[in-house]
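There are 2 protein chains.
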Amino acid sequence: MIKQLSREDIANMQERERARLINSLSGFKSANLVGTQDAQGNPNLAIVSSVFHIGANPPLIGMIIRPDTVPRDTLSNLQATGHYTLNHVNSTIWQQAHQTSARYAPGVSEFSEVGLDTQLADGITAPYVAQSQLKFALALREVQKLEINGTLLVIGEVFDIQLPHDSIKADGYIDIESLHTVAISGLDSYHETRRLGRLSYAKPEHLPRQLNLNGE
Amino acid sequence: MIKQLSREDIANMQERERARLINSLSGFKSANLVGTQDAQGNPNLAIVSSVFHIGANPPLIGMIIRPDTVPRDTLSNLQATGHYTLNHVNSTIWQQAHQTSARYAPGVSEFSEVGLDTQLADGITAPYVAQSQLKFALALREVQKLEINGTLLVIGEVFDIQLPHDSIKADGYIDIESLHTVAISGLDSYHETRRLGRLSYAKPEHLPRQLNLNGE
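Chains as they are written, first to last, in numbering that gives the first Met the number 0: chain Z, 0 to 215; chain A, 0 to 215.
No lab work stands behind these hints: they were computed from the structure. The beta carbon of each residue, even a glycine, is placed where N, CA and C say it ideally should be. Mixed in with the good hints there might be a few duds.
[To be verified] In silico DSBU-like cross-links for lysine-lysine, where the CA-CA straight-line distance does not exceed 35 Å:
| no. | chain 1 | residue 1 | chain 2 | residue 2 |
| --- | --- | --- | --- | --- |
| 1 | A | Lys2 | Z | Lys2 |
| 2 | Z | Lys144 | A | Lys144 |
| 3 | Z | Lys202 | A | Lys144 |
| 4 | Z | Lys2 | A | Lys202 |
| 5 | A | Lys202 | Z | Lys202 |
[Claimed, not checked] Okay, the calculated bits of chain A under chain Z, using three or more residues with CB under 8 Å as the criterion:
| no. | region |
| --- | --- |
| 6 | 16-24 |
| 7 | 27-35 |
| 8 | 48-62 |
| 9 | 74-84 |
| 10 | 148-156 |
| 11 | 186-192 |
Next up, chain Z with everything else stripped away, as it sits in the complex:
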């Protein structure tokens, strides 16, 4: 049986209920930990489910953050140092990753509170998460306020990538499933994945064919 929800039905929902519903609409979301540090080098870690691809050349990644709900530390830190890291959440750390969303007092390190380790790299003024298998560092390019609801679009350029050597395939594809990267649905549901397949570049003349993991 099909349920239909109108604009009015949505507007009349209770706040938390609507938040869970609307957060489920976009589909599966990426699960990343944002690593930052303040001017004194104190580390901060926050989970984000709104990281998305903007462009490959230059390599640009976007993320949406709410000044009111996300630890303000993340925003002020990445603006202070100009750097932040994104670290894939995997199936061994998903519960610790979720716990970083608790409102710890400013100055408290979510790394130590949830039991994850910082990993520092030369020339990057932000900590990586040691337990994450695929991680990359970004230089802040812009913070744009979306006037329509006051959320912030943060855009960064990737300048360092660290991952297991054999997870990159010959054609550049990274097998993130083999790294046990998880996906999020709604506000609080975490999921492993099982590959249906890779498909060839679509052309009008014929249907796509299945590729192997190496893109062949």
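Place chain A on chain Z using the hints.
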């Protein structure tokens, strides 16, 4: 063994290889079909992997499109009618969904070319995909050019949602895994999911506990 890629390594990659690599970085991506129609009512369908949540109240969804690579029809149609639909790609239509990315001649309907059916609804000047289980209609709110690389951020407000009655849980969460919604990695890999669990709202005092599907 860990591989590290520097800014120079990334810049020196071959174009398609870099595109596959950078598109793999953000993590798992949502898989949606954008349904639109032109002023004459001719339907158009295109797969997008860049749909993301912007806010719940009002219910705002964003998507990034590249004027140069995405069928221009999608953009001109949603600007002409003011409406578009987003339809979850599921594990029964993932190959047809991928095929919509082929560059069909303008005016050709991807629906008929790939074998998906339009589903019309009163007051919505855009077609739904009949074979999609979770679908919603949006009223265009803004199209913003990201000057940093010329891509477009399209923001719409949700005004109609259609889904199986039992997929919405008591607390508003939609069990999109039960609808066989798929996730995308890179440019061409499709994935089913298996739930690890739902977690309670994180609080500093204690670790999150596992919730059941109903959020209890």
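Hint check:
1. A/Lys2 with Z/Lys2: Status violated; Cα separation ~49 Å.
2. Z/Lys144 with A/Lys144: Measuring from Cα to Cα gives roughly 14 Å; hence the hint holds.
3. Z/Lys202 with A/Lys144: 28 Å, holds
4. Z/Lys2 with A/Lys202: 34 Å, holds
5. A/Lys202 with Z/Lys202: 50 Å, violated
6. 16-24: Holds, because 9 residues of the region 16-24 of chain A bring their Cβ atoms closer than 8 Å to Cβ atoms of chain Z.
7. 27-35: holds (count 5)
8. 48-62: holds (count 14)
9. 74-84: Since three or more residues must qualify, the claim that chain Z covers the region 74-84 of chain A is violated, with 0 doing so at under 8 Å.
10. 148-156: holds (count 4)
11. 186-192: holds (count 7)
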